[in-house]
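Asks: In case you want the letters, here they are:
Protein chains: 4
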Amino acid sequence: MIIVLKPNTPSDQIDHIVARIHELGLRTDVSRGVKRTIIGVIGEEDVLRNAPLRAIPGVEEVVPILKPFKLASREFQAEDSVFDLGCGVTVGGGALAMIAGPCAIEGEEILLEIATSVKAAGANILRGGAYKPRTSPYSFQGLGEDGLKILRNVGDHLHMPVVTEVMDPRQVDLIDRYTDIFQIGARNMQNFNLLSEVGQTKRPVLLKRGMSAGVTDLLMSAEYILAGGNKRVILCERGIRSFDNSTRNLLDLAIVPNVKGLSHLPIIVDPSHATGRPDLIPAMSLAAVAAGADGVHIEVHSCPEKAMSDGPQALLPHQYRELMQQIRELAGLFHKTIPAARGVAP
Amino acid sequence: MIIVLKPNTPSDQIDHIVARIHELGLRTDVSRGVKRTIIGVIGEEDVLRNAPLRAIPGVEEVVPILKPFKLASREFQAEDSVFDLGCGVTVGGGALAMIAGPCAIEGEEILLEIATSVKAAGANILRGGAYKPRTSPYSFQGLGEDGLKILRNVGDHLHMPVVTEVMDPRQVDLIDRYTDIFQIGARNMQNFNLLSEVGQTKRPVLLKRGMSAGVTDLLMSAEYILAGGNKRVILCERGIRSFDNSTRNLLDLAIVPNVKGLSHLPIIVDPSHATGRPDLIPAMSLAAVAAGADGVHIEVHSCPEKAMSDGPQALLPHQYRELMQQIRELAGLFHKTIPAARGVAP
Amino acid sequence: MIIVLKPNTPSDQIDHIVARIHELGLRTDVSRGVKRTIIGVIGEEDVLRNAPLRAIPGVEEVVPILKPFKLASREFQAEDSVFDLGCGVTVGGGALAMIAGPCAIEGEEILLEIATSVKAAGANILRGGAYKPRTSPYSFQGLGEDGLKILRNVGDHLHMPVVTEVMDPRQVDLIDRYTDIFQIGARNMQNFNLLSEVGQTKRPVLLKRGMSAGVTDLLMSAEYILAGGNKRVILCERGIRSFDNSTRNLLDLAIVPNVKGLSHLPIIVDPSHATGRPDLIPAMSLAAVAAGADGVHIEVHSCPEKAMSDGPQALLPHQYRELMQQIRELAGLFHKTIPAARGVAP
Amino acid sequence: MIIVLKPNTPSDQIDHIVARIHELGLRTDVSRGVKRTIIGVIGEEDVLRNAPLRAIPGVEEVVPILKPFKLASREFQAEDSVFDLGCGVTVGGGALAMIAGPCAIEGEEILLEIATSVKAAGANILRGGAYKPRTSPYSFQGLGEDGLKILRNVGDHLHMPVVTEVMDPRQVDLIDRYTDIFQIGARNMQNFNLLSEVGQTKRPVLLKRGMSAGVTDLLMSAEYILAGGNKRVILCERGIRSFDNSTRNLLDLAIVPNVKGLSHLPIIVDPSHATGRPDLIPAMSLAAVAAGADGVHIEVHSCPEKAMSDGPQALLPHQYRELMQQIRELAGLFHKTIPAARGVAP
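Residue numbers (numbering that gives the first Met the number 0), protein chains in the order written: chain A, 0 to 345; chain B, 0 to 345; chain C, 0 to 345; chain D, 0 to 345.
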């Protein structure tokens, strides 16, 4: 950590700051420049994070040097994490998670129809929401446990691992009985109690980036889960808020190689929520794979105009099939594989 | 609701769309322009919100006309809401809520010292966090129930209503036993289950705007609380994410008159979290009152450099006292009052 | 255009609005809903753009239906524009413009060295700045006409078309004597006089997206050039301002398919300025091609640490060569070609 | 300047970096931490700005310590700048510039009518555009020199200094003959050639903040004008791009005290362009004055529905009169004055 002092900070203020740092068991290196004095702090930076140095008179700026995340960092683990997600599906290390399904679970028949088609197209994980975070209290909020049962049945029937969103720490035990993977939605990326709670389960967690989260914020939220002992966190870019309303959110694909440099965790991309526009999803899915993403998360519905949630952003099954064809070729070019879901669900 | 069709949409597609709308019990008004056809929908727009019209072939855009919030709207209640918050303190209708206190509750002695000074300066509500939403799992997370007890004791002792943050639906009952007002933090503004839960209590709720929430998003989150039967929601602007990192967040004061036009709910301003800089807090507090805010929320700490959370953004007690002097004069100019906290807490 | 009226707008106000529209030679379709009245305007919408309808009492919102750009739109020209850029290089219709070179022209020897290496790697257009838009008046501002001469010489020598930035309408004639393609930088995207001026030349224009420009803003700026009679506009995405400062700007790749839907103009991507980080440029270049971009613009310098402008974001020649290898394979997969620069410059 | 090295940077890389810095005539202070080595650079930091240190192998981050602006900084001039603007009007040091008038100059009669009413209400500077930066090439672009003549006549007649926008370096001489103050619009804030050009005139410059400019960007653009020898720069906050489209832009009032800390230059606020909504302008004008702004810039039109540009955001003359009444009272509370425009124009 580097502490930049204000111009002309008097000696007694400098001594006061240095004394504070020594109290914390750290060493200092005071560098007097032509215009400013700078104090380098030598030792375990974490001790300082809680100490509000910026509040001390004379301090102009405090510049952290070390990253605040540990377990999520490449420095902690150099090689890519590779996880088993069930039914022979892995993610990371060149294996792509192709997650597909409707926004909300609406019934067994329709889910089975969609799931059958996306599996045939090459999807290896089935998604569907039973508890939906809706901005309006008057909108359809999901089928709840009935939806979970349907999802489990369809996943078992087709031998596909399933993923569904958990919104509330009180739902963790219930959902744990039905799902293979927990999803934490963008709006809950900094719901720290929920993160801690899924951090104590044994299920992989799909952690979606919050709409105004920077890359460090995302990795710090992953750190909450990892710190609880759960090592299987999959990050997911799904668009951030921006000024251009021609798309629902702004897809930030540069976060993919950015995360790859900072962390060993896999990161996938959700172009459905990012763009909200089916006409842009194919191009953005291909771009995601080319950018090095470990998977793509796409909403598919066989009758978007009757979907109970987010219908307009879903691909039709035949559009998904065509897209998967292209993704497979592209994955081949980059020596990536799309593991087939098979066998008995875990 | 207005449905704009793509250029040259064939008649059978138009008929299909019209038929869908009629199925929902609504009437249509089809207007054929030179380049496009537009369908006006006449009737209860809410029925349509769940129907994903944009997914129907031929539809280019769907333009909602009515606001999605009801109970929070000025159309539902024309006059300003005025709430009793305890100890003679009200908010709304010209009465200002002056909330002050430390970021986190650290101990009874220090809280009493800070609270005594801010009350003497004119603050009428005491704040302090017992459960802290920290971006790092390794940071101080608050004193928990011990902190709540301290807050209650100090509030009772000084006859001030108290406000503290609730982060988890499982904490609602516990915190309800100690606090006068629930605070929902920015990161939980769209934690819909938490909103529903406090919506079923009888305590006022201070709802902070999320970092990437628009004015409609904020009012929709208030709607969740109101829909649960709890009418006492106080909105709070606390800065949004922006590209300029010279301040912690970007204070959006225009939301104050914007909300006043759309809603009857009171709205206060938190310049401490918005700017993160004590040197900007006084000017922004005065600007907030001049903009028509129903109160100001300011962090105060008697020793910011020893604060366990967010010390650098706190005002010192004497700075708060000087600022309150100016706020009082300004409030007088605008015929606003700052009710004194007194008597026995409710 | 649709005019949404406030609830309970009195009849005389409605009549007044209708009369105004009729004055402009347009027809109206008044649709009285349960809660609101809506007026559809039938006729040439452009007439209305200058008429500030929102200022008329009773009007709540004015919703335009038609796009404000004409010559740039797909509706004006359905098939992709394909341009000749000189030396056998074309862009659009499956041909990729691979622009490479240093940020600033620093001398003939170094430019020739860089240009030779990028041409050997497959670049088909040479870039270099002679006039640099620098945020500080004390920074290196470019070599001016001396730089232009160097660029022309190197371009002629290697038979590569060259592109350089024009910042001032007074420079257009001078730069026109040396360059093959004008570049309009992001900061000048809405310098409308400059746009008009290059719109009257016969040279292709590389128009970079402004840092806070939406897709419509970008296409409207292209419209200024097209309206002057110059049909050869190449759009360029180079990142927008965002809250996450881990990259210099935020690369918005979704604008590529978004533009393709709205316009016939080619669009290329500049990952160098977008990310400002050489470690992210390869992944973002590949993603750009996968997203459907008509080219990639990359800064290359053989000694970034001695570059006079933007050194840290440049690729080294051998990094560019490796990247071009991958881009070529990817282009092949999508049936795109990279025309070789050859023969005599135009 | 502080140079943070990557973990485990080898000694020879460190030596290479140190050697580079010494070549530039600067001294170094190398501080070897537990995890990283940090190099403090002692001497004139500006020498380093052009040297792309981040490109040197081993360098992770370069942290500048000194501000890049000089002449605009408080360190260069401690006391507030106070300027004479003509007709007895000054700005800065407690004197408020109250700029009012229509968006565009449309004719002498209408301008005189508006100007007479705003002067009677207390405005001391008249604004009006003769050259309009319009996003569409098909929109009304202003009356040009005819407009300038009208503005001059009305200003002379009423003894008010006038301000009008200059968009192009080629217009500087012409506009200089008619105006008292140059306005640089938000879209041209980084049109560096234009800034240099007005920096060589003797007229005060009203410099509007760009839509994606941070506070440092704004002050650097002011630096361009100051470096040319023109000391009279008035900054103007007019809203930045944000994600919430309920207002046209996002008014950032915190920049007012932020600038006051960093610079001696006066800063005013334009709530008309910032919000684009007349219903929000009064509250935001009052908030601006309470925040410490040195003036307010408001669009006023006597018949907004017939205005040729930006009508919907203009106040009516009687609304402006009522607002000025409130502003005067508020200014009194803060011991600010609104100099009356009088006598002969300069």
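Some hints here could point you the wrong way.
[Said to hold, decoys possible] Think about it this way: if two alpha-carbon atoms lie no more than 27 Å apart in a straight line, the pair counts; the simulated DSS-like pairs of lysine-lysine are: (1) A/K5 x D/K69; (2) C/K69 x C/K305; (3) A/K335 x C/K148; (4) C/K148 x B/K69; (5) D/K66 x A/K230; (6) A/K69 x B/K69; (7) C/K201 x B/K230; (8) B/K305 x A/K66; (9) B/K5 x C/K335; (10) B/K5 x C/K148; (11) B/K5 x A/K305; (12) B/K66 x A/K305; (13) C/K305 x B/K34; (14) C/K148 x C/K201; (15) C/K305 x D/K69; (16) D/K305 x D/K335; (17) D/K34 x A/K66; (18) A/K335 x A/K230; (19) B/K66 x C/K201; (20) B/K230 x A/K305; (21) D/K66 x C/K305; (22) C/K69 x C/K201; (23) D/K69 x A/K66.
[Stated by the list, open to error] Covered by chain C, according to a simulated footprint, are these stretches of chain B (three or more residues, beta-carbon under 8 Å): (24) 164-170; (25) 193-205.
Don't read these hints as lab results, they were simulated from the structure.
Here the structure is a predicted model, which is why all the values come from computation and not from measurement.
We treat Cβ as the ideally placed atom computed from N, Cα and C, and that holds for glycine.
Asks: Please go over all the hints and tell whether each is borne out by the structure.
Replies: The hints, checked one at a time:
Pair hint A/K5 plus D/K69 holds up; C-alpha atoms about 16 Å apart against a cutoff of 27 Å. A C-alpha spacing of about 45 Å is found between C/K69 and C/K305, which places the hinted pair above 27 Å, so the restraint is violated. At most 27 Å may separate the alpha-carbon atoms for a hinted pair to count; A/K335 and C/K148 exceed this at roughly 47 Å. At roughly 67 Å between alpha-carbon atoms, C/K148 and B/K69 are farther apart than 27 Å, so this suggested pair is violated.
For the suggested pair D/K66 and A/K230, the alpha carbons sit about 43 Å apart, so the restraint of at most 27 Å is broken. The hinted pair formed by A/K69 and B/K69 fails the criterion: a straight-line CA distance of about 46 Å is larger than 27 Å. At roughly 66 Å between alpha-carbon atoms, C/K201 and B/K230 are farther apart than 27 Å, so this suggested pair is violated. The hinted pair formed by B/K305 and A/K66 meets the criterion: a straight-line CA distance of about 23 Å does not exceed 27 Å.
Proposed proximity of B/K5 and C/K335 is contradicted: the alpha carbons are some 31 Å apart, above 27 Å. Restraint check: the Cα-Cα separation between B/K5 and C/K148 comes to about 51 Å, which exceeds 27 Å; the hinted pair is violated. Note on B/K5 and A/K305: the hinted pairing holds, with a Cα-Cα distance of about 20 Å set against a maximum of 27 Å. At most 27 Å may separate the alpha-carbon atoms for a hinted pair to count; B/K66 and A/K305 meet this at roughly 23 Å.
A distance of roughly 57 Å separates the Cα atoms of C/K305 and B/K34; the hinted pair therefore is violated under the 27 Å criterion. Proximity of C/K148 to C/K201 is assessed by CA-CA distance (about 20 Å); at most 27 Å being required, the pair is judged to hold. With a C-alpha separation of about 25 Å, the suggested pair C/K305 and D/K69 falls inside the 27 Å cut-off, and the hint holds. Taken as a hint, the D/K305 and D/K335 pair is broken in the structure, with Cα atoms around 36 Å apart against an allowance of 27 Å.
Taken as a hint, the D/K34 and A/K66 pair is honoured in the structure, with Cα atoms around 11 Å apart against an allowance of 27 Å. For the hint pairing A/K335 with A/K230, the CA-to-CA distance comes to about 23 Å; that is within 27 Å, so the pair holds. Between B/K66 and C/K201 the CA atoms are separated by roughly 50 Å; this puts the pair beyond 27 Å, and the hint is violated. Note on B/K230 and A/K305: the hinted pairing is violated, with a Cα-Cα distance of about 35 Å set against a maximum of 27 Å.
Distance hint between D/K66 and C/K305 is fulfilled; the C-alpha atoms sit about 23 Å from each other, no more than 27 Å. Under the criterion of a C-alpha separation no larger than 27 Å, the hint pairing C/K69 with C/K201 is consistent with the structure, at around 20 Å. A hinted pair counts as satisfied when its Cα atoms are at most 27 Å apart, and D/K69 with A/K66 does not qualify at roughly 32 Å. Check result for the segment 164-170 of chain B against chain C: violated, 0 residues qualifying (beta carbon to beta carbon below 8 Å, three or more required).
Coverage of the segment 193-205 of chain B by chain C is violated. Counting CB-CB distances below 8 Å, 0 residues qualify, and the rule asks for three or more.
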